[in-house]
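Visitor: Read off the chains here:
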Amino acid sequence: MKKLLLAAALSALATGAAWADTVRLGTEGAYPPYNFINDKGEVDGFERELGDEICKRAALDCTWVTNEWDSIIPNLVSSNYDAIIAGMSVTAERDEVIDFTNEYIPPSPSGYVGLAGGSVDVAKGIIAAQINTIQAGHVASSGATLVEFASPDETVAAVKNGEADAVLADKDFLAPIVAESGGMLAFIADDVSIGGGVALGLRESDGELKAKMNTAIDAMKADGTLNTMLVKWFKDAAPQW
Amino acid sequence: MFEICAEPRSLEGLTWLSCYLTTPKHAAMYYSILTVLGLLLAVVPPILFLGFAGALARRSKIAPVRWLGVGYTSIVRGVPDIVFFLFFPIALDQAVEYIRHKIKCADVLEPVYQGNDFVVCQAAKMPLGIADQFYHEAWGFSLAVITFAIVFGAFTANTLHGALNAVPKGQLETARAFGMSERQTFWRVHMPQMWVYALPGLSNLWMILIKATPLLFLLGVKDIVYWAKELGGMKTQVYTYAHPDWRIWYFGALLVFYLFLTWVSQRAFDRIFARASRGLSVAS
Chain U
348 MKKLLLAAAL SALATGAAWA DTVRLGTEGA YPPYNFINDK GEVDGFEREL
398 GDEICKRAAL DCTWVTNEWD SIIPNLVSSN YDAIIAGMSV TAERDEVIDF
448 TNEYIPPSPS GYVGLAGGSV DVAKGIIAAQ INTIQAGHVA SSGATLVEFA
498 SPDETVAAVK NGEADAVLAD KDFLAPIVAE SGGMLAFIAD DVSIGGGVAL
548 GLRESDGELK AKMNTAIDAM KADGTLNTML VKWFKDAAPQ W
Chain G
2 MFEICAEPRS LEGLTWLSCY LTTPKHAAMY YSILTVLGLL LAVVPPILFL
52 GFAGALARRS KIAPVRWLGV GYTSIVRGVP DIVFFLFFPI ALDQAVEYIR
102 HKIKCADVLE PVYQGNDFVV CQAAKMPLGI ADQFYHEAWG FSLAVITFAI
152 VFGAFTANTL HGALNAVPKG QLETARAFGM SERQTFWRVH MPQMWVYALP
202 GLSNLWMILI KATPLLFLLG VKDIVYWAKE LGGMKTQVYT YAHPDWRIWY
252 FGALLVFYLF LTWVSQRAFD RIFARASRGL SVAS
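Respectively, the protein sequence lines represent chains U and G. Start counting at 1 in the first sequence, then tack on 347, and there's your number in the working numbering. Start counting at 1 in the second sequence, then tack on 1, and there's your number in the working numbering.
In short, the hints are calculated from the structure, not lab data. Be careful, since some hints might not be right.
Between beta-carbon pairs, the in silico distance windows are [said to hold, decoys possible]: (1) Arg272(G) - Asp399(U): 48 to 58 Å; (2) Ala213(G) - Glu443(U): 29 to 39 Å; (3) Ser418(U) - Phe252(G): 15 to 25 Å; (4) Tyr99(G) - Ser540(U): 28 to 38 Å; (5) Asp583(U) - Ile211(G): 47 to 57 Å; (6) Leu49(G) - Ser540(U): 52 to 62 Å; (7) Glu510(U) - Ala107(G): 49 to 59 Å; (8) Asp570(U) - Ile209(G): 33 to 43 Å; (9) Lys403(U) - Val109(G): 27 to 37 Å; (10) Asp583(U) - Asp108(G): 50 to 60 Å; (11) Glu443(U) - Ala43(G): 52 to 62 Å; (12) Glu510(U) - Ile273(G): 43 to 53 Å; (13) Ala43(G) - Val578(U): 46 to 56 Å; (14) Pro453(U) - Ile211(G): 43 to 53 Å.
We treat Cβ as the ideally placed atom computed from N, Cα and C, and that holds for glycine.
Based on the provided sequences and hints, a complete structural model is requested.
Guide: This is the structure we're talking about:
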């Protein structure tokens with residue numbers, strides 16, 4: 348009887364629909380306007396629109412999953428999802444572990460944000476950055492004291508409550524926060540250019556998916572849809588192809 | 002949810018708040034309360050099972066079984082929880098997928114481990130890539146239950162082992178003098194009296210378990226602490242309901258939630274303790 352049950356359970360697992368090409372897109376969901384969870388509880392933002400468009404053009408059936416930033420690469424390589432689309436800049440270190448598609452955002456500057464009116468030397472002060480980002484790497488090598496946080500939101504909160512003198516992050520992420528801070532926050536130093544552009548991260552063994560996505564991204568660059576999307580989400584400061 | 006909430010930006014005061022607190026995203030947070038309570042209820046039977054198995058194994062007369070019991074409790078108790086929670090579910094997940102890959106895709110020749118990549122065939126994915134998100138979450142939840150059970154089972158085994166030893170020898174000798182068999186002595190005298198010694202330790206473990214539930218997030222299950230952090234963070238105008246950093250309110254609510262849970266638990270344990278110590282003079 349036990350064996351019968353086991354056999355039934357196994358065959359139930361074995362059958363199932365034919366495997367459609369379902370591609371699971373992994374994102375952080377905490378980095379507006381790149382990607383965030385909207386009030387409906389769904390993934391939203393520039394990368395949601397971009398990802399859906401890429402999947403449409405490449406005829407892929409895509410679903411969205413969120414994953415903490417810190418473990419976003421390990422979960423990709425252990426196949427819990429098939430692509431990272433989370434504002435991830437292309438760097439040499441990451442490229443050793445995973446593969447990147449063609450870039451969909453050109454290299455864009457990072458900015459320092461601190462309390463308005465304060466005088467902070469960003470080369471010596473205490474600077475907040477998100478863990479495992481190019482900005483964290485930059486702060487660590489700049490001579491300033493680095494404090495790392497798990498989520499982007501916490502890096503800004505650290506500046507507001509005085510734990511850090513300034514935060515270093517993508518300017519596109521910080522700009523709306525500064526604009527809506529009611530004069531409390533301001534860009535306090537020159538922008539810095541670190542890292543390459545932003546691309547989707549894929550497993551190195553996934554050459555076929557990479558080719559499909561690259562075709563879609565190149566087509567979107569060529570017909571201007573990507574530029575329109577960038578302007579829609581990043582407003583005036585939008586980087587353009 | 003309500004019709005008046007169609008245009009959130011035009012709302013003010015209490016109407017805004019009531020619309021805000023009933024967004025689907027907040028519903029996800031309320032739902033996560035059930036996830037936490039569900040986990041707490043789901044892990045108790047396997048924890049007690051592993052606890053008893055471990056405690057009895059440590060008392061076994063057969064040496065290898067005893068070593069197994071001691072090994073299990075010592076190793077699991079010695080490894081930091083967070084390391085265990087990071088390592089074990091991924092290892093278990095990969096083990097399951099690896100076995101399924103070997104069974105279902107025997108004809109696939111490419112190795113499963115390709116450099117950094119762990120790649121199994123589509124049919125071996127657990128759950129399948131095409132499965133609804135619900136199944137992915139249910140699978141993550143199951144991994145969480147197993148991991149919690151193994152970790153807390155080891156602590157429980159140690160508590161029960163100590164409690165079994167704490168029952169006065171005279172009680173057991175008396176039972177034997179009455180002519181009870183080994184088995185009768187254990188079930189009628191040893192076990193019922195053991196609870197009085199085990200309960201304080203078990204109630205500690207239960208409280209720690211309640212507070213350990215946020216570790217769920219490490220396993221990809223979105224629990225109430227994750228949602229409080231996510232909802233409480235500052236929201237710019239890109240969100241429908243923009244607001245400043247409100248984490249203090251959300252974490253305040255969390256505080257009340259966890260205090261309530263521990264308060265109810267303590268009352269329940271007081272009652273269980275009163276019941277377990279009926280007729281015993283040893284417990285004061």
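Visitor: So does Asp583(U) sit 47 to 57 Å from Ile211(G), Cβ to Cβ?
Guide: 49 Å, holds
Visitor: Regarding Ala213(G) and Glu443(U), is the given constraint of 29 to 39 Å on their beta-carbon distance met?
Guide: At roughly 35 Å between Cβ atoms, Glu443(U) and Ala213(G) fall inside 29 to 39 Å, so the hint holds.
Visitor: Taking the CB of Glu443(U) and the CB of Ala43(G), does the distance hold inside 52 to 62 Å?
Guide: Given a distance of about 40 Å, which is not inside 52 to 62 Å, the answer is violated.
Visitor: Quick one: are Tyr99(G) and Ser540(U) within 28 to 38 Å, going by C-beta?
Guide: 43 Å, violated
Visitor: Taking 33 to 43 Å as the stated bounds, is the beta-carbon spacing between Asp570(U) and Ile209(G) within them?
Guide: 58 Å, violated
Visitor: Using the Cβ atoms, figure out if Ala43(G) sits within 46 to 56 Å of Val578(U).
Guide: 49 Å, holds
Visitor: Go ahead and decide if the range 43 to 53 Å is satisfied by the Cβ distance of Pro453(U) to Ile211(G).
Guide: At roughly 49 Å between Cβ atoms, Ile211(G) and Pro453(U) fall inside 43 to 53 Å, so the hint holds.
Visitor: Within 15 to 25 Å or not, the Cβ separation of Ser418(U) and Phe252(G)?
Guide: 23 Å, holds
Visitor: Quick check: does the Cβ-Cβ distance between Leu49(G) and Ser540(U) fall within 52 to 62 Å?
Guide: About 58 Å separates the Cβ atoms of Leu49(G) and Ser540(U), which means 52 to 62 Å holds.
Visitor: For the pair Lys403(U) and Val109(G), does the Cβ-Cβ distance stay inside 27 to 37 Å?
Guide: 30 Å, holds
Visitor: Within 50 to 60 Å or not, the Cβ separation of Asp583(U) and Asp108(G)?
Guide: 56 Å, holds
Visitor: Range first: 48 to 58 Å. Now tell me if the beta carbons of Arg272(G) and Asp399(U) are that far apart.
Guide: Check passed, 55 Å falls within 48 to 58 Å.
Comparing the model with each numbered hint stated earlier shows that hints 4, 8 and 11 do not hold.
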